[in-house]
Amino acid sequence: MAKFEYAPAPESRAVVNLKPSYGLFIGGEFTESEGGSAFKSISPSSEEVLAEVTEASSADVDRAVDAARRAFTGTWGRMSGADRGKYLFRIARILQERAREFAVLESLDNGKPIRESRDVDVPLAAAHFFYHAGWADKLEYASLGPNPRPHGVVGQVIPWNFPLLMLAWKIAPALAAGNTVVLKPAETTPLTALLFAEVCQQADLPAGVVNIVTGAGATGQAIVDHPGIDKLAFTGSTGVGKMIARAIAGTRKKATLELGGKAANIIFDDAPIDQAVEGIVNGIFFNQGHVCCAGSRLLVQESIAEEVEARLKRRLSTLRVGDPLDKNTDVGAINSKAQLQRITELTAAGEAEGATRWSPECELPSKGFWFRPTVFTGVSQTHRIAQEEIFGPVLSVLTFRTPHEAVAKANNTPYGLSAGVWTEKGSRILWMADQLRAGVVWANTFNKFDPTSPFGGYKESGYGREGGRHGLEAYVTTGDTK
Amino acid sequence: MSTSTAPRDAVDATSRARDLLGVSRLTNDSLTSWLHGLPGVDQVGCEARAAMLGTRSIKTTSKAWAIDTAISMIDLTTLEGADTAGKVRGLCAKALTPDATDMSTPRPAAVCVYGDMVPFAREVLGTSSGVNIAAVATAFPSGRASMAVKLADTRDAVANGADEIDMVIDRGAFLSGRYLDVFNEIAQVKEACGSARLKVIMETGELVTYDNVRRASWLSMLAGGDFIKTSTGKVSPAATLPVTVVMLEAVRDWLQLTGEMVGVKPAGGIRTSKDAIKFLVAVSEVAGDDWLDPHWFRFGASSLLNDLLLQRQRMRTGAYSGPDYVTDDSPSLY
Amino acid sequence: MSPTTGAPSRVEIKKTYKLYIGGKFPRSESGRSYEVYAGGGTSGAFLANAAQGSRKDARDAVVAARKAVDGWAGTTAYNRGQVLYRVAEVMEGRRAQFVAEVRASEGVGERQAEALVGQAIDRWVWYAGWSDKYAQVLGGLNPVAGPYFDISAPEPTGVVAVLAPQASSLLGLVSVLAPVVVSGNTAVVLSSEHRPLPAITLSEALATSDVPGGVVNIITGRTAEVAPWLASHRDVNAIDLSGAAGAEGVAWGDLEKAAADNLKRVVRPAGTGPEAVEPDWTATPDLSRLSAFLETKTVWHPKGR
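Chains as they are written, first to last, in the numbering used here: chain A, 1 to 482; chain B, 1 to 334; chain C, 1 to 305.
Accuracy of the hints is not assured; some may be wrong.
Said to hold, decoys possible - Derived pair list, reagent style BS3-like, types lysine-lysine, alpha-carbon separation capped at 25 Å: (1) K63(B) - K3(A); (2) K448(A) - K303(C); (3) K327(A) - K63(B); (4) K367(A) - K337(A); (5) K425(A) - K67(C).
Rather than coming from a laboratory, the hints here were simulated on the basis of the structure.
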């Protein structure tokens, strides 16, 4: 038994007011579905049912798009940028006011540790709204052309890994540019989106500017296919991203896609080694590895591979896996049974391929979906676990000898979302950054996000950028409106 | 792994250093190569790790344990020009009975005083109280004096009965790259200590960068220090959590390399229980259980003790306490 | 004020208007004050005795402003934006007070005063929203002809002296002050000579909005007396001469000449030729007031294995 045992430090659930069931948020109000059905949202750490949620039908999607269109032509599309900005500032402030509530709800619904939702997800979400509020009346400065205009109605489908943050990344720029929104949160994590609808009401956001339609694949398809949607924004798997790209081919619908990744986290022999180990841990075990830009491949210079492996394993033995609502938890639950199954299958494949599997000792709760942080060493480029996105707390370790080899291996993938470089040598950082085919390069850090900093991928990690001045491009058109 | 408390003497330090460096002669150049070959410390990453450790929420039973452990790790300190026998006796009485309303309260590990105050401390503490006497020496706090003076200072303190010596390194020498001089001074002071344990104060606030803290830590361990210590407490910033994390990494890696343990003492600026607990978290998660012991980890502090006592009282009574309920045996009022 | 029914009216507490320096509200070290009249002239109803700031007050303000530079410039852009937005929230809460003071100071009607105050708050919000964006618009990567990473980034210049507009007591004031501080500069503001009251109320809003002491310092008094001391002060990095327009006994050319001693960055008052006029502050600004107080730093770094 460790000398210094941390007693349970649970964050109270009392701050959250869960309703037994939720309708859809259309036209500024919560409303019952027309022809849709209900499904349950559960807490992945305990399998407890949190609430019943509506699966929106295509009739519901029609209504939502209609409400968004009316809001666009009626109020929002005519409103001055300064006034749009004021609404976004209000939303940002309310998110800050209700921060604790959102953080707890996010951890309950998603399974991520409360420390993450409290210290990362919710503050960043509020910051996104704050940043974009200021752009609403400054679009002419954003190098978007002489007369940047909104598209109209934007359809947005977001994933389950950062539910509230992904909502912020989508809605904030869309609204700042003058669009109205129909957004579908992921089917396993709808609750913070539904709470966000309350924030819209508290901010007196005009009806129909934001519409939240919950559901699964069919609802998402209905949005993608809807003729009343001018632009789509999707974050999720590359597979679905390709489906969307095919679905809109030949139409005038625009799309931005933020898809999967298999990022290389590259450690050179002159890396600041203790911080590099932290970077590896942050890269793949933060958010249970449910991160599109996760550093899921460790590319370590062969001369220090053994040392890094030893330090990494020692560091992993202090990771705390457990109740997401415990303030000391580092690694929470896997988001769903389906995801757990995928991770289990792929890691089994890794073993079958001949890689060496290791996990720290840790007790896992009996209920809920859990996976121990796992490290595979002796991984080769051709192994499935070096090529396929696992989207779980699983690290594949490969080695390299020279910067060129590191670059070649890092780029040798259809993905291109992010990469990490660890070295004390500035010129090498900049040279590597030039060579790496990735939309985000983190040097001597990892998984850092900021509303001002554009994020997005190369190749099959998608196209378009979110955040920063560049992220506004997706939400304006400089051509004639339809 | 050695938790031996047997002192290592200066001659061994030099030959061991030659061995570890793999050189036939210990020169400033070889020391420089070795120290500058240590991995760098990224400031932002280091501070982020410290901040993360600071978010640990230590409650109920673990908080009670942490408070008592922290108390038992304190070097209760008075290092003022205006110190008198009376002040020192008061400090020592406090060390023996931190909280007269609760005799279950543990005693601090040591008192820390100037060398000429040691006899007064010994009068009160005796030889079996379990509270050691640490004395600062080597022209504390500046370290600006000749080697002869510094050694005489050390010997006096040892002769007066000090169990531990807290020395300062020559920061001027360190910052101008004269690592061999720093090595030699530590090794010689260690020799003058006899059986007293040697803590090496690096004055991290003056070293400024984490890279320097790492190098100074390794140099101090190489030269035979039993403890590496952050600060004199006379310079700000003194002990910070990130600096202490770097030092904990150093002793962890030193143990891996040599099989020997070296202690860590953050000193100065640690005033609240909350802060102290963050440091204990850092010890636990960076260096490990072996260091969670007063023999290998100390807090150099004065007002921290009373804050820990206030927290202890709150845990016992359920109500927030106040300064009227903890004794201040050596208030610092000139 | 006047009873509405036959009931006895409540005797008001009259406000004392002091300076705002280093986050505190001191009286002038000179102990002087001067009379402020409604409408901003010399013959309307008596409004208040405003502190008459001296050159020593100005000197102290510059010291406070200099002390605050590192902290304010060192905060993140996000943090500055948050703080400035908070100022707008507090101003909004004090709408009625500002409207009454603008009405009284400028002699305008209620409707007009409401519009001016609303615009002033909106102007402040506009600038607050620039804090984390101007770097992306004014800075950028330079594609130099060699293997170098080359980036140009705007940085605040330091301590900026501002002669606030004489006529537009709140909207004009906000229009010259916000662009200075949003980027991390600190300010020493010499308020409108005859319409200083909204400036002091604004400083109360600043003081209660997490704006660190010394970031904004406001001195009320005679422009002709104090301005030359700011213009010549060697620890002031830039000066905005807007308030020279319409100020008694002030020749902006002389101030600019004095400023040349340490090559301050100078923003001249509006107008053509030697004439200084007060512009229409209701017009939407561009980035020029923001960029006037920025330095561009260009950094090179080789790219290599």
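Quiz item: Can you give the numbers of the hints that this structure goes against, from lowest to highest?
Solution: 5
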